[in-house]
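Protein chains: 4
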Amino acid sequence: MPETLIKVDLKQSPYENEKIHNRWHPDIPMATWVKPGDEFILETYDWTGGYIQNNDSADDVRDVDLSTVHFLSGPVGVKGAEPGDLLVVELLDVGAKDDSLWGFNGFFSKKNGGGFLTEHFPQAQKSIWDFHGLFTTSRHVPNVKFAGLIHPGLIGCLPDPKMLAMWNEREVDFIATQPDRVPPLANPPFAKTSHPGSAKGELAAKIGAEGARTVPPREHGGNCDIKDLSRGSKIYFPVYVDGAGLSVGDLHFSQGDGEITFCGAIEMAGWVHMKVELIKGGMAKYGVKNPIFKPSPITPQYNDYLIFEGISVDEYGKQHYLDVHVAYRQACLNAIEYLTKFGYSKAQAYAILGTAPVQGHISGVVDIPNACATLWLPTQIFDFDIRPTASGPIQAVKQGIEMPLSPDL
Amino acid sequence: MPETLIKVDLKQSPYENEKIHNRWHPDIPMATWVKPGDEFILETYDWTGGYIQNNDSADDVRDVDLSTVHFLSGPVGVKGAEPGDLLVVELLDVGAKDDSLWGFNGFFSKKNGGGFLTEHFPQAQKSIWDFHGLFTTSRHVPNVKFAGLIHPGLIGCLPDPKMLAMWNEREVDFIATQPDRVPPLANPPFAKTSHPGSAKGELAAKIGAEGARTVPPREHGGNCDIKDLSRGSKIYFPVYVDGAGLSVGDLHFSQGDGEITFCGAIEMAGWVHMKVELIKGGMAKYGVKNPIFKPSPITPQYNDYLIFEGISVDEYGKQHYLDVHVAYRQACLNAIEYLTKFGYSKAQAYAILGTAPVQGHISGVVDIPNACATLWLPTQIFDFDIRPTASGPIQAVKQGIEMPLSPDL
Amino acid sequence: MPETLIKVDLKQSPYENEKIHNRWHPDIPMATWVKPGDEFILETYDWTGGYIQNNDSADDVRDVDLSTVHFLSGPVGVKGAEPGDLLVVELLDVGAKDDSLWGFNGFFSKKNGGGFLTEHFPQAQKSIWDFHGLFTTSRHVPNVKFAGLIHPGLIGCLPDPKMLAMWNEREVDFIATQPDRVPPLANPPFAKTSHPGSAKGELAAKIGAEGARTVPPREHGGNCDIKDLSRGSKIYFPVYVDGAGLSVGDLHFSQGDGEITFCGAIEMAGWVHMKVELIKGGMAKYGVKNPIFKPSPITPQYNDYLIFEGISVDEYGKQHYLDVHVAYRQACLNAIEYLTKFGYSKAQAYAILGTAPVQGHISGVVDIPNACATLWLPTQIFDFDIRPTASGPIQAVKQGIEMPLSPDL
Amino acid sequence: MPETLIKVDLKQSPYENEKIHNRWHPDIPMATWVKPGDEFILETYDWTGGYIQNNDSADDVRDVDLSTVHFLSGPVGVKGAEPGDLLVVELLDVGAKDDSLWGFNGFFSKKNGGGFLTEHFPQAQKSIWDFHGLFTTSRHVPNVKFAGLIHPGLIGCLPDPKMLAMWNEREVDFIATQPDRVPPLANPPFAKTSHPGSAKGELAAKIGAEGARTVPPREHGGNCDIKDLSRGSKIYFPVYVDGAGLSVGDLHFSQGDGEITFCGAIEMAGWVHMKVELIKGGMAKYGVKNPIFKPSPITPQYNDYLIFEGISVDEYGKQHYLDVHVAYRQACLNAIEYLTKFGYSKAQAYAILGTAPVQGHISGVVDIPNACATLWLPTQIFDFDIRPTASGPIQAVKQGIEMPLSPDL
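For the protein sequence lines, the chains are G, F, U and X, in the order given. 1009 is the number of the first residue of the first sequence in the working numbering; add one for each residue after it. 1009 is the number of the first residue of the second sequence in the working numbering; add one for each residue after it. 1009 is the number of the first residue of the third sequence in the working numbering; add one for each residue after it. 1009 is the number of the first residue of the fourth sequence in the working numbering; add one for each residue after it.
Keep in mind that a hint or two might mislead.
Identical chains share a label here; the pair holds if one copy fits it or two copies do between them.
Stated by the list, open to error - Quick list of in silico lysine to aspartate or glutamate cross-link-like pairs, DMTMM-like style, CA-CA up to 20 Å: (1) Lys1242 x Asp1312; (2) Lys1288 x Asp1046; (3) Lys1153 x Asp1393; (4) Lys1242 x Asp1393; (5) Lys1242 x Asp1391; (6) Lys1153 x Asp1312; (7) Lys1283 x Asp1391; (8) Lys1119 x Asp1188; (9) Lys1302 x Asp1101; (10) Lys1302 x Glu1345; (11) Lys1326 x Glu1227.
Worth flagging that the hints you see were computed from the coordinates, not collected in a lab.
When you get a sec, could you build the whole thing from the sequences and use the hints?
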């Protein structure tokens, strides 16, 4: 078994683990070092560091302090890595921790970050998903079972000071355009809940003051939430600092394209088994700005889909210009409406779109003024036939099962 | 052989063919009638009605009058279809016309509609693609060959007067928000180049004055440019008028998600072999607003991809809020930059993204402020290895081949 | 459109068409010549040359003279091809003739060739399959519809005299081991029904006397009946004579692995669009004795299967030693028995296994004394659920439909 | 984590573990009991019980006593299971033991069981395969890496006395037809090395005297070595005794169709996570004699193959009648010859065919006198291009690496 270089104890606060951090900053000390060619394992907390529990209340989803996330394992220093290189990371395997074979999905309250459909689901809700080997089911969402497309939602290398400065300037300026918005347009550095890894004293304070929050994906990758970055895939990351500083966390047992429920996919604690190599000078050789990757040869093979279309006219009839975000929202709303005809609650339908291996395609982006997006719902994950027939939908979904909801206080 | 209910003669102007129309309007006379259960064939012009030629000049792409498009075959009346039904359309097969085994892809001049990357490719360019049975190659884009994912870019049923009024109001109001924009935000009715099918006199004038332009996808489907609506798929269309009035056109031999080059996919004249059925009252039974569909069991099976990420910070460094359109543009620009390292011109790379069976996924839309989109480039369509290696890219692409470019006059 | 180098008129006897032949012999005159790099089209008869008709009687299957088959289009001479080369053939497309959009499947009478399950189906039966674009259905086999995996059952190059002599000696000697067997162990040359292409007089007589029958696959390929040699595939054929002499015929709209019904797959008249290239000296360079090929990127993608096992103990309880033929027969009989539980007749079930894109895998061949073979039945071709459930099989199959049967006279 | 009902200690002899057995007999005591709906885990030895070691000598492959195999975990009693039921087993996951992340492949000496190509590889050889998460590589077979298609080679329920008697009679009679054959035609009961689980005294002696050897697949399933019975699949087993008595072992990290190397696939110790259900009376309801199964939605997705054909004329030129075993052997020999052109030794090529996710299809079984079989070699498992080109094969395979060989003493 390759060595586990970072271990996590789910009973311990992530703040007590010096090999965990929750900000991006070039000065976060390397938690461990490896050489090109090495295979190793990193354990990870779930993105909230254990705040969300396996129970039937959504209070934790309502109350979670989002300034604490994401708890990442790393940074891993790679000997010989220099700015301008590409760090090649093979995700040889990814799994849940044996003592934590479950995950959660939830919708944040609109007041606490909301989500893609927050206007339609303004209050905190949660579903718990149990893992059965390669598969998952939920006691809160009946009649659906699917194989996990296991992946890290968040992975990337440390920024250098120049890139960090650019991020902070870009996002702080952006927040300033609508400073009172709820939820905010972006999240600025926030020292109070910063976890700077093993940094102490002044260095820790500096990281707290300057460290970029981990929420958005950025040039280095980071919180991309790309479901296809799954175990078995191979990723080429830009390197900005000596040693690269690779960190990973926010593992998902499964997710639909878009991670539309925001909290999030099926979120879990777990481990990542990986191998690293270098392409020296690879950023210039291949013209790489953002990470690129090759998908895994082993992913769930659902190929019978029901596909929903959406255009960039919003649910209130307003015209938007080639706006794929709006178009995808319409496709999602259309799919939710459809699923309710078989007996699902809207919340359950939304949870399915957030967790199952749903594809979201950018189908048309030039036919002014309407973008067209499609949502691909795999039919084989349901234990009944969801396809349209002349006789109409059957009421197959078990009734009396609800997703926990916790209204704002 | 099922009957060919609509024939087109590529040497004849589409305006002379009464079973062709280029506007959406409830009063366009049915070109032909069928019964549920019928199989039949419709021939179609290419979307420009033959304006773009198989030659080595992009003058036609530069000069085409976009108020004339799209030339559609239909409407086909379906006996018994009533508002509120779902019209089930099986695309049993789709192909090019035997006397026209080629297609075109182009970029419009920025002054004439532009495209997804019009800031980067502001002038008219064209590539011609020859069909070799199931495959296509281009004399203007070397070292690439792929199987066609043949589909109609545009298909849908006639709107009723209420829906037509809503479309026109919505879009005309939208244009009014930036009336002088080039290209415009949307296209209003335009009588001069209207083709109302077999309508004559006052009826033709009415259709010309009120008929919705065919460019955008709308609630009825229409110009969705969804590559996966390919031959073998089964579509469920909302019905708004008695007889449904199904029209189809804008056939594509292949297209990447987004149809980013706008002019367009690999555009061709051809034929569609289809079968229709009805689900009575299906719109309410299944809560359907936009069309839904099941994909084909026969599509090109490329499964080895190189995937490019993009986030919603634009190419000038500007921050956008969860804007998938911007994110996908960055992924496309990243892929173009990458392909140039192997010897392609930027225009050739752009043409590949517009024509090959490229996937565009909405990967993350909740991680404020950045959306994340991915572009999936199939590696097996190239006759050399495009994957990153430690030794760097080889110069495999044949040099001295260029895509025709026609500067604005 | 590439040139159609060989045309067939389905109303004309294949014996009257000089570009058709039904024996393998080095002296059959080339019907046409092409150059490496050429694309061209060959039309073909169905394998029986039109003997089997689209009707509801199996008399023709019972009475067909199998000494006449297979009617092949060719040979096509390829300029520059020499013995020892590999002839690279791309099957750019394959289709049915527009005036013949149907095919047949049948079981021969045991007295006239029989088939894989001739002990269980000793009498002639037939089913007719209609083509609906990419799909097929049969009026004799209800509740099943599938996409065609279109391919030529028979394709290969002319043998040289030495190879021909080896074939004849090998097979004639083999027949001599059980000379009175019905059906015979093999088919020797048979002059009476020989069609030597354009050869006349003495040459025709020589070909009739020596020409190898086309029934078995041999070193050159020939009647391999490999369903995966489908349109879009690329085949590397050994070349034995100057000019190669490529012939093709026996087109199938679809077939299950094994072509177990023998008469045969879904047999059809049609056309093949192909392109040829050469690898000079390729047989030695790559150590090639039998053809090799790359499968098509476009084939029906059914991925939900019900898989039946069989072992090499025959249906009468007799033990055979690692005999995959016996094991596959058991898997087929198991599948037939299973399908009857849903209401199919045994003959209909057998026809489905012979025509649908069924896979036959050699699963274990070393575990003495039993080989294990598996038959993979795609579940998505049925319009009802064929998977086992606790409630038992539903009687979904439409009753009162039978496959024509013609007893021996 | 579901409970691990059977544990194995790889440092302990399997004969000392009472929950292991190596014979089929109705009287083997249940090792543990479960209820329908239960999930549980069984650990397993490798099939030889740890005899083959992770080293660079093939002495162990040469010397292994095959009368000891296979060491199975079980039998598991399922409450309520009765003869005539179908036992539904979901393989929720299968993996290697954490302390044993490697497997072996070997060829037996012809004197000790041989294998599919024993005439060509008459001496014992071995390769060791290391597991890297989802992937495997071998220090003895360079330039190849693939994802594991993990599965149990052997799984099934206990026979009842009548079935056991039939097996023994059938096989003993068969041995008697060539009693002096080396290797023998089959393996009779053999008391000396019998492991009867927890049975003692007279019962143990009875099991030793009567217990069927585990080598061949039989009506109940057993040693089917079906690579597609992989983790994620769902199997329906006939039940013959009260409680069913499910046993499993012989885990494979990967295997090619046929398990042609016999010793075997990539053999490993590991664990199986499974769930059981019952279909009461299912054998009659569905007409099931041998097990049936549904394949997994998660398996390696290699779809670019090079396919080799073989016909039933053996390598010495002898004609066989529709013999798929001979045909598949020719296809294998053709593939081995081909791979040597790139620098592999014949033994390495043979090992690749035995271990990689190679498909073996029964392509034609009716075209007298020749069967046709195909071997599908995935091209994406090699780190160089193995496809034929006009320039001939490159010498890409690292030289100086050999598979250990141990001549017979």
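To see whether the hints hold, each was checked on the structure:
For a Cα distance limit of 20 Å, the shortest separation of lysine 1242 from aspartate 1312 across copies, 12 Å, qualifies, whereas the shortest one inside one copy, 27 Å, does not. With identical chains, the CA atoms of lysine 1288 and aspartate 1046 are at most 20 Å apart within one copy only, with a shortest distance of 17 Å there and 44 Å across copies. When the C-alpha separation of lysine 1153 and aspartate 1393 is checked against a cutoff of 20 Å, the pair qualifies both within a copy, at 13 Å, and between copies, at 18 Å. Within a single copy, lysine 1242 and aspartate 1393 get their C-alpha atoms only as close as 36 Å, which misses the 20 Å cut-off; across copies the closest is 16 Å, which meets it.
In this assembly of identical chains, lysine 1242 and aspartate 1391 lie within 20 Å of each other by CA distance solely across copies; the values are 15 Å between and 33 Å within a copy. Taking the shortest alpha-carbon separations for lysine 1153 and aspartate 1312, both the intra-copy value of 15 Å and the inter-copy value of 16 Å come in at or below 20 Å. For the homomeric pair lysine 1283 and aspartate 1391, the shortest alpha-carbon distance between copies (17 Å) is at most 20 Å, but the shortest distance inside one copy (38 Å) is not. In this homomeric assembly, lysine 1119 and aspartate 1188 come within 20 Å of each other (Cα to Cα) only inside a single copy, at 12 Å, whereas the closest approach across copies is 39 Å.
In this assembly of identical chains, lysine 1302 and aspartate 1101 lie within 20 Å of each other by CA distance solely inside one copy; the values are 15 Å within and 25 Å between copies. Within a single copy, lysine 1302 and glutamate 1345 get their C-alpha atoms only as close as 35 Å, which misses the 20 Å cut-off; across copies the closest is 17 Å, which meets it. For the homomeric pair lysine 1326 and glutamate 1227, the shortest alpha-carbon distance between copies (13 Å) is at most 20 Å, but the shortest distance inside one copy (32 Å) is not.
Hint compliance for this structure: every hint is met.
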